[in-house]
Each structure stands twice: as C-alpha cells, then as structure tokens.
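Peer 1: Residues per chain are reported as follows:
Protein chains: 4
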Amino acid sequence: MKKTFIKSIEDPVLKEPQLIVGLPGVGNVGKIASDYLINELNAKRFAVLYSPHFPYHVTISEEGIIRLLNNEFFYFISEKKKPDLVILKGDSQSQTISGQYEVAGLITDVCKKFNIKKIITMGGYVNTNLDEDPKVFAAINHPDLNAWIEKSSIIKCEIGSPVVGTAGLLLGIAKLNDIKGICLLGETPGFISDAKAAKAILKQVLALTELDLDLSKLDEMYQELKEKLERIEEIEKEKGFIKKLKEEFSPDVKDLSYLG
Amino acid sequence: MKKTFIKSIEDPVLKEPQLIVGLPGVGNVGKIASDYLINELNAKRFAVLYSPHFPYHVTISEEGIIRLLNNEFFYFISEKKKPDLVILKGDSQSQTISGQYEVAGLITDVCKKFNIKKIITMGGYVNTNLDEDPKVFAAINHPDLNAWIEKSSIIKCEIGSPVVGTAGLLLGIAKLNDIKGICLLGETPGFISDAKAAKAILKQVLALTELDLDLSKLDEMYQELKEKLERIEEIEKEKGFIKKLKEEFSPDVKDLSYLG
Amino acid sequence: MKKTFIKSIEDPVLKEPQLIVGLPGVGNVGKIASDYLINELNAKRFAVLYSPHFPYHVTISEEGIIRLLNNEFFYFISEKKKPDLVILKGDSQSQTISGQYEVAGLITDVCKKFNIKKIITMGGYVNTNLDEDPKVFAAINHPDLNAWIEKSSIIKCEIGSPVVGTAGLLLGIAKLNDIKGICLLGETPGFISDAKAAKAILKQVLALTELDLDLSKLDEMYQELKEKLERIEEIEKEKGFIKKLKEEFSPDVKDLSYLG
Amino acid sequence: MKKTFIKSIEDPVLKEPQLIVGLPGVGNVGKIASDYLINELNAKRFAVLYSPHFPYHVTISEEGIIRLLNNEFFYFISEKKKPDLVILKGDSQSQTISGQYEVAGLITDVCKKFNIKKIITMGGYVNTNLDEDPKVFAAINHPDLNAWIEKSSIIKCEIGSPVVGTAGLLLGIAKLNDIKGICLLGETPGFISDAKAAKAILKQVLALTELDLDLSKLDEMYQELKEKLERIEEIEKEKGFIKKLKEEFSPDVKDLSYLG
Numbered sequence: 001m002k003k004t005f006i007k008s009i010e011d012p013v014l015k016e017p018q019l020i021v022g023l024p025g026v027g028n029v030g031k032i033a034s035d036y037l038i039n040e041l042n043a044k045r046f047a048v049l050y051s052p053h054f055p056y057h058v059t060i061s062e063e064g065i066i067r068l069l070n071n072e073f074f075y076f077i078s079e080k081k082k083p084d085l086v087i088l089k090g091d092s093q094s095q096t097i098s099g100q101y102e103v104a105g106l107i108t109d110v111c112k113k114f115n116i117k118k119i120i121t122m123g124g125y126v127n128t129n130l131d132e133d134p135k136v137f138a139a140i141n142h143p144d145l146n147a148w149i150e151k152s153s154i155i156k157c158e159i160g161s162p163v164v165g166t167a168g169l170l171l172g173i174a175k176l177n178d179i180k181g182i183c184l185l186g187e188t189p190g191f192i193s194d195a196k197a198a199k200a201i202l203k204q205v206l207a208l209t210e211l212d213l214d215l216s217k218l219d220e221m222y223q224e225l226k227e228k229l230e231r232i233e234e235i236e237k238e239k240g241f242i243k244k245l246k247e248e249f250s251p252d253v254k255d256l257s258y259l260g
Numbered sequence: 001m002k003k004t005f006i007k008s009i010e011d012p013v014l015k016e017p018q019l020i021v022g023l024p025g026v027g028n029v030g031k032i033a034s035d036y037l038i039n040e041l042n043a044k045r046f047a048v049l050y051s052p053h054f055p056y057h058v059t060i061s062e063e064g065i066i067r068l069l070n071n072e073f074f075y076f077i078s079e080k081k082k083p084d085l086v087i088l089k090g091d092s093q094s095q096t097i098s099g100q101y102e103v104a105g106l107i108t109d110v111c112k113k114f115n116i117k118k119i120i121t122m123g124g125y126v127n128t129n130l131d132e133d134p135k136v137f138a139a140i141n142h143p144d145l146n147a148w149i150e151k152s153s154i155i156k157c158e159i160g161s162p163v164v165g166t167a168g169l170l171l172g173i174a175k176l177n178d179i180k181g182i183c184l185l186g187e188t189p190g191f192i193s194d195a196k197a198a199k200a201i202l203k204q205v206l207a208l209t210e211l212d213l214d215l216s217k218l219d220e221m222y223q224e225l226k227e228k229l230e231r232i233e234e235i236e237k238e239k240g241f242i243k244k245l246k247e248e249f250s251p252d253v254k255d256l257s258y259l260g
Numbered sequence: 001m002k003k004t005f006i007k008s009i010e011d012p013v014l015k016e017p018q019l020i021v022g023l024p025g026v027g028n029v030g031k032i033a034s035d036y037l038i039n040e041l042n043a044k045r046f047a048v049l050y051s052p053h054f055p056y057h058v059t060i061s062e063e064g065i066i067r068l069l070n071n072e073f074f075y076f077i078s079e080k081k082k083p084d085l086v087i088l089k090g091d092s093q094s095q096t097i098s099g100q101y102e103v104a105g106l107i108t109d110v111c112k113k114f115n116i117k118k119i120i121t122m123g124g125y126v127n128t129n130l131d132e133d134p135k136v137f138a139a140i141n142h143p144d145l146n147a148w149i150e151k152s153s154i155i156k157c158e159i160g161s162p163v164v165g166t167a168g169l170l171l172g173i174a175k176l177n178d179i180k181g182i183c184l185l186g187e188t189p190g191f192i193s194d195a196k197a198a199k200a201i202l203k204q205v206l207a208l209t210e211l212d213l214d215l216s217k218l219d220e221m222y223q224e225l226k227e228k229l230e231r232i233e234e235i236e237k238e239k240g241f242i243k244k245l246k247e248e249f250s251p252d253v254k255d256l257s258y259l260g
Numbered sequence: 001m002k003k004t005f006i007k008s009i010e011d012p013v014l015k016e017p018q019l020i021v022g023l024p025g026v027g028n029v030g031k032i033a034s035d036y037l038i039n040e041l042n043a044k045r046f047a048v049l050y051s052p053h054f055p056y057h058v059t060i061s062e063e064g065i066i067r068l069l070n071n072e073f074f075y076f077i078s079e080k081k082k083p084d085l086v087i088l089k090g091d092s093q094s095q096t097i098s099g100q101y102e103v104a105g106l107i108t109d110v111c112k113k114f115n116i117k118k119i120i121t122m123g124g125y126v127n128t129n130l131d132e133d134p135k136v137f138a139a140i141n142h143p144d145l146n147a148w149i150e151k152s153s154i155i156k157c158e159i160g161s162p163v164v165g166t167a168g169l170l171l172g173i174a175k176l177n178d179i180k181g182i183c184l185l186g187e188t189p190g191f192i193s194d195a196k197a198a199k200a201i202l203k204q205v206l207a208l209t210e211l212d213l214d215l216s217k218l219d220e221m222y223q224e225l226k227e228k229l230e231r232i233e234e235i236e237k238e239k240g241f242i243k244k245l246k247e248e249f250s251p252d253v254k255d256l257s258y259l260g
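Protein chains in written order, with our numbering: chain A, 1 to 260; chain B, 1 to 260; chain C, 1 to 260; chain D, 1 to 260.
Hints should not be assumed to be uniformly reliable.
Simulated pairs of lysine-lysine, BS3-like, Cα-Cα distance not exceeding 30 angstroms [stated by the list, open to error]:
#1 C:K237 with B:K2
#2 D:K3 with C:K112
#3 C:K44 with A:K180
#4 B:K15 with B:K117
#5 D:K7 with C:K113
#6 A:K239 with A:K203
#7 C:K2 with A:K113
#8 B:K3 with C:K237
#9 A:K7 with B:K228
#10 A:K228 with A:K156
#11 C:K237 with D:K3
#12 A:K112 with D:K2
#13 C:K112 with D:K244
#14 D:K117 with B:K3
#15 A:K112 with C:K151
#16 B:K3 with D:K243
#17 D:K2 with C:K112
#18 B:K82 with A:K2
#19 B:K82 with B:K113
#20 B:K7 with A:K3
Note that these hints are calculated values from the structure, not bench results.
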C-alpha cells in the first residue's frame, strides 16, 4: 500500500450533484456536521478512500471489527429539481504535507468522475474568547459565490487568511479543475467536540443545497456535552481542593524519596 | 534501495498456513513471543523483508557480522490435519507513517502468495498499574472470529480503540484482501522486555493454532529479568542516598565553576 | 496532486532573458524585491508553479478568492538591446527537504525551456546587530561573474558559507546545467519585512540587468513599518508597566484558582 | 531533481579496486581521514553523487563558487600487485531515513560497476571519557575478514551494536550483493574535528590496503586544534569571571526593562 486509493462499492447515477465535506479538525465541527447529515438523510456509502498518509493505526468499528482509517463517500438522492448530494466523512486527515495534497487531489478526481458542480467544505474557526452564538465564516474559490454570501449572515474570511487542511486544499485544487466551491467555518473554542458550531454551519449548508432537515438533535448533543464538561470541572475543582489540603498537611515527599 | 522488498530464500509448500506476527513494540511482547515460537519449533527461515523505512543503521548479528535491519519469515510444518505456520519476527518497525503502510502491504502480498488463511498478530497493551497476571486483549478483523474469543478468557478491545503499528495495519489491509485475522495484546507495564505478557498471549496462540508447546522457559526469562531489575533498583537507591549525602556536605560547585 | 508541476498561461518569446527570483525567507527581503519589480514594471504572468511540498493550506487572494499557494512566473519585455526579464515571486518555499530540490529542479527546467542566460536570486542575510545601511553579500555559481562583483560595492560570501533554500539550490542545480547565476543577500535584522534591505539588493539588480527603475517607494514602505514598530514598542512598554503594577498590588491569583 | 543520481566525469579502468569511504559524522573522523587520503595520494575525481535528501542549501567552494552539496568519488592507481583505490568523501549525509538507504544503494551500484572487491568505511565512536590514545573498533560484513582483525589491535564491535549512517548501511547493502566490507570506528570525544582518531583508523586502513603513506600531518592538525581549544577555554574562563563581577556590581537590569 504505497498510494492513496479509492475502493468503489457502487456507481450511483447522480443529477447535478454537490459534494459536502466534513472531516476531523478544530472542534471536530466538520466531522460532527457530516456525520449528522449522513445519519439524518440515511445517505448510502458508495466509495472508500484509504491513504498511507493517514495515522499508522487501525480503529475498532462499532461492530467491534478492525478497519483501516478512511474517508467515506456517501450519496443522497434528492427530490426532483433539487441537486443530489455526495457527502464525505472520515476518521482522519493526512499526517504528512504531501499526503494532504495527494488526498485532496484524489477527492477532486471523484468530483470530476461524478460531474460534481459545487463543493461545500465544513470546518471550525478557533475563537477562544467565544461567549455568544458562533458566527459562520466563509471562503469561496469563485466570485460567482459572492452573491450567495452577501444575502446571508455569513462573514467572509479576510484576505490573506489561511484555510488549513482538506477543507481548504480541496477548493484550491478544485478551482484548477473549474469546480466551484465554498468553505464554511463555524466559530468554536476548539477544545471540545462542538455540536453548536456544527449546527451553525449546517444551517447554511441547508440553505445552499435547498435541503430540509431537522437540526434539533445537535442542540441535545451540545447540551449533553455541556453538562459533562460542568461535571468534569466540578471534579477538578474538588481534586484541586483536596490536593491543596494534602500539600499543606503532609511532609515533603520528595526529600524522602531516595531514603525509601 | 528505494522500496521495501522481500528476498526469497526458499519456496516452501504449506498446507492451510496461518501467519503469526511478533515485532518490536510496547514491552517487546510481540518480539519475545515470535522469537520464542521460532526457537522452540525450530522453524525455518524462507524469506527476508528489507525496507528503507527501517532505522538507518545496521546491527551486528550473533555471528559478529553486520546485517541490515529486517523482518524475517519462518515456516513450520505441523502434524497432519493441523495448519502449517508462517512466523514473522523482526528487528524493527518502519520509522515513517507511509513506510508502515508499505511494509504491511508487502506482508499482505506474502499472505496472498502462500494462500494464508488466518493472521495472528501479537503485541503489548500498556497498563502502568499492572499488579496481577497480565490479561490478554484482542481485536479481530472479521466477525467469524468472535466465537473463538467468546469461549476464551480474552477481553475484546473497546470500540474506537486504536491498534498501532504493523500488528494493527496488517489486519486492516488483510481485511481488504479477505484474509481473516486477530490481534492479541498482552497487558504490560511497557518499560521492560515483558516475558510474562508474552507467555500470556502465546497461551492463546497455542489454542488458536492447535499447537503443543512448553512455555515454561518464559517463566525463567521473566524471573531473571525481575532479579536484574531488583538489583538495579537497589543500586539506584544507594546512589540516591550517597548523592544526598554529597549534596549536604559539599560546597556549591556551580558558584566556583567560572573561577576555576 | 503528487508532484510539483507548472501550469502554463502564455508562451512568451523572450530575447536573452534573465531570471530574477525573490521568494519568502529571512526578513522577506526576496519577496518584497520581486513583488516590487513586478508591480513597477507591470510585468505579465505567464506560468504558475504548484507543489505538494508547499504548506498544506490555501490562502485568500486580494480578490477574496481561495487559491493554492504557488510560485508565479512573470515576464517583462525590455527596450531593444537590453535583456528581457523573467521574474519569479511566490507565497512560500517547500516545507520538505526533497521538495526544495524538486522545486528548484523544475525552475531550472523553465530556464532551459526559455533559454535563460543568467539567474539572479535575492534573499536576506541575518545581522541582528545591524545599525547602519544594510550591506549586500553575493555568491556566484561561475567565475565569470567575479568581474561584476569586483567593480561593485558587494561583499562576496565567505568560503564554506551555506546559502539556504531556493535562492541557493537553484544556482547549484543551474550550474549543473551550465546556466550562470548570482545570489544577492541583503543584510537584515530578519524579524521584520525589510524594505530597506530589499532596496539595497534591488539597486544591484538594476545594475546587473541594465534596468531603470525608481526605488523610492521602498523608502516609504520602510518608513511606514518603522513607525508601526515604534508604536508597538510603546504599547508594550506601557503594558509592561501596568503588568508590574498589577503584580505588586494584587494577591497571588494562582493560590486561589482551585478554590474558585 | 527528484532522485539521488551520479554524474560521471571519467571512466577509469581499475584493477581489483577497494572502496574507502569517509563522510561527515561523529568527530568528523571519517571525513578527515578521506580528505587526507585524497590529498596525500593526489587521487583523481571521477564521479559526483547528488541527492535531494542532502540538506537544502548550497555551499561556497574554495574557489568562491556556489555548488550543491555532494559526495565525490576519487580513484588512485596503485603500484603493480597492489589494489587500486576508490575513495569517497563528501559534504554531508542524507537528512532523511529513506534517503540514507537510497544513497547507500547507489554507492553499492558504483561498487558493482567498477567490480569493487572490498569496502572500508571509516567513522567515529563516541567515548566522552577518552583520556588516552583512541582505540579502533571494527565491524565486518563477512566472516572472511575476521582473520585480519584478529592479527591487529582492533577491537570488534559488540553483538547488537548499531553502526549508524552510510558507514554501516553501505556494508549492509553491499553484503546483499556479495561485496565484503569492514567498518573502522575511531574512538573520539565527538565534539571536535578529531584528527587523532582519524590517524588511528588510517593506520589500519594502510595495513588493509598495503598502502604506504606518511600520517604525520594529522599530528600537526591535532596539535593546532588542541591549542585553539585551549585558547577558547581560557577566554571562556575570563568571560565567566568578568560576567560574575558584572552581576555582583550592577543593579538588576531585568527589573528596569519595562520602565524604560
């Protein structure tokens, strides 16, 4: 296994398909969003991408079975007149620089094969001081998409900003192949799996793809996480209190360590 | 030498062969186990794998001769009705991510060439608080192997656990080639060459392969190591005591260092 | 996208062309210089180089559009009897060792295609104690260029000095292809975008290429930067003063952190 | 430039040639030794090896000219009945793991082309407590060479010792191609360019190759270095003394830095 490759499972016929990409990254925003879409739409898997640039371990699937880390392509047939969807989710991104370009190049090949007209990539944008509802930032690879951004609440990324990883590189390579694309980045503190940011970008994805979908389960996910974090924080506080007590009332352990 | 390659020494004819893999890693559990099997079974070397992704040094063999780091394939012809064995041992694993995939891919090619039906990979699983007999954990790449685990004392690895290195990757790539496999991980504190953990997984390997083998020499190895460690610990304690004495009774050397 | 490649936009016919290279690096000297040349000469873009060894992110162009990081070739048709120019500017240099050689090799291929007679690479040379006008250092890949250096105020780099990155490698590879070249390095403290050092090397470039160009806008750029730096320094001083005050008059915050 | 390659300058006809390799490494022992041999024998350059795995900078040659880092092959025609010599010196070793194997593989190809019968690689062996004349250690890639070691004062490297870099890898790869070789390692403190260790291994090289050569210039080199080191040490001591004085008699500069 020397190269990134794609194993095809099915060759769906798709009308005017759009690709939506959500991979692990800052706050796991992209991954949460693509997983949610695939589950709620009951989208069907049709191809799997493997790469020798993914981390060198396997994972154990929900069926308790070893499998290579991968990126998976799903499709969803929309109602008449609406674009069909291809959704890409995954365990991981490439761990090497040239692997990042290799993987994004291969995803672009899939776009060409299925005649994909537009790409939407999803990710997170770190704001450690975030104290309100996450904003959504966007970057586009073609001026045609400006009109859409202007009528939305989305903020355009500033000139010179980097967009890191597959979410950015894919749109850069796609552009060389005349495929239009937009990258949506949800504001997130970054250190948590941020369902709130995922919801914020999915709202925009629904508008872009004319899709109808209930996003309320993401509120529940966020609520659960929040409660879990609060519990952890409390435990940590208590631990800190106990630790402080111990330190005050016990002799200096270090000085004794060698006399054992 | 730009690619991983295999140098063939002999082309054995094998009946229903199973591959057993033990390479260096956590606690050296896999390596100890494969070395033990090869020595006790007097298995015969038939192929050697070299890779430009192994560390960039040579080693000096027991015959006092320089040789490249490698992974070596041995075979063992079992009694009638029992599966023949291929055993893979080695000096090292790949030092680069893509090299890890390249090596595991080439081992899979060997499996296909010799029509190997099942792979058993062996390794360690770190538990720094280990204070009793090491447990054995397992991960499988096909549900057929569940039955076997259920009737044993093995614990299944949890969903989402990573299995790192060749022990995992080989089973991931093998799965894509319809070769079934199981990974056995022995609990180990990790920082020692752990013959006790190796014995624990070899017990399970014997059951899986219907092999009969005396494992008692691993007890001796473990006993020797334990005594050596205790001696080191004592010396360290004494050193610490002396160091403390010296610190208390000598002037501050640092202040004088520039005045010579 | 597995290899560095060049996308051609136009195939200009050039007379006795010379290549001038300025990429990001120490003090951004080379980049400032090549950007300036291209803007002031209104040079025309004719080819773009992309590489999987550039950083794995895209940038947002001045038109607000995502694009891959790249190196861009421009040409400028000079008056009769003077050499035409090819100018290479870029966002980035390769992030891997072998990528550095790959990119420099491909730029050499462009030189051969357009029958380029001489290469001038531009960069910075760190001098952290710089307190006067930056000197210009040079290294050449052919003794023919010595004559030119001797009649200028340029200082030759010492024997054994390394010239790092594309500015150096390109001249090393070009030499193997019988293309002459000179590397000009402007002295710079290194931590700022140094328009002063850029001006110093551009003066020499003008002499080498018989080009006429007003460099005074670089003085303005330098002046602006200087004022900005002074403002930052003042703010930092003030912050430091306030911080000191706070530390003296507030209780030890750390001790309270766990008691909330 | 994507691969390691060799540029041929001349195709000498050599009788029973032996290859002697000395590249930069610990204490620069190998490099000093090969440089010395080439200079004293007035050996002739016939091929140059370039690699995209060498450091990504050029150097400035003694003629003041930029050149790529390289490894250079020289030959020396010996008197009748004695073996001719090929000597390999160089600026650098590969900076990547797989590059190390690639370069050593290509050197082996040169050995096959010129029908080289024996390889001697030279390097250093760190001993930070070295207080007497450096010993020479050796590792061989074929038992035939044992006889030679046994009648010399050389110490055999212990079983399991690693021999790092080209000095080791070359003999590992050569062995796969049935070329015999020995690695000679001179004891060195490692942090200096150690002409004394170089002399110690060259003595053995002369015996192995039946070569007659005056090694006394290495004593002078060592003496010069020693005096230089002593002067540096003295300066450092003085600096330390002055620094200490300054610290005692000046106010705490740090406390004032923010108040300007």
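Peer 1: Mind checking the alpha carbons of K228 (chain A) and K156 (chain A) for me, to see if they're no more than 30 angstroms apart?
Peer 2: Violated - the C-alpha atoms of K156 (chain A) and K228 (chain A) are around 33 angstroms apart, more than 30 angstroms.
Peer 1: Mind checking the alpha carbons of K3 (chain B) and K237 (chain C) for me, to see if they're no more than 30 angstroms apart?
Peer 2: Distance ~57 angstroms between K3 (chain B) and K237 (chain C) Cα, so the pair is violated.
Peer 1: Measure nothing beyond the straight line between the CA atoms of K7 (chain A) and K228 (chain B); if it is 30 angstroms or shorter, mark the hint as holding.
Peer 2: 52 angstroms, violated
Peer 1: For the pair supplied as a hint, K2 (chain D) and K112 (chain C), is the alpha-carbon distance within the 30 angstroms limit?
Peer 2: Holds, because 17 angstroms separates the two Cα atoms, which is no more than 30 angstroms.
Peer 1: Please verify whether K82 (chain B) and K113 (chain B) have alpha carbons no more than 30 angstroms apart.
Peer 2: 20 angstroms, holds
Peer 1: CA of K112 (chain A) to CA of K151 (chain C), is that 30 angstroms or under?
Peer 2: 58 angstroms, violated
Peer 1: Between K44 (chain C) and K180 (chain A), is the straight-line Cα distance small enough, at 30 angstroms or below?
Peer 2: 26 angstroms, holds
Peer 1: Taking 30 angstroms as the top limit, are the C-alpha atoms of K112 (chain A) and K2 (chain D) close enough?
Peer 2: 29 angstroms, holds
Peer 1: For the pair supplied as a hint, K239 (chain A) and K203 (chain A), is the alpha-carbon distance within the 30 angstroms limit?
Peer 2: 40 angstroms, violated
Peer 1: Going straight from one Cα to the other, do K3 (chain B) and K243 (chain D) come out at no more than 30 angstroms?
Peer 2: Answer violated: K3 (chain B) to K243 (chain D) is near 55 angstroms, above 30 angstroms.
Peer 1: Would the pair K15 (chain B) and K117 (chain B) pass a check requiring their Cα atoms to be no farther apart than 30 angstroms?
Peer 2: 10 angstroms, holds
Peer 1: Is K3 (chain D) within 30 angstroms of K112 (chain C), Cα to Cα?
Peer 2: Distance of about 19 angstroms is within 30 angstroms: holds.
Hint compliance for this structure: hints 1, 6, 8, 9, 10, 11, 13, 15, 16, 18 are broken, all remaining hints hold.
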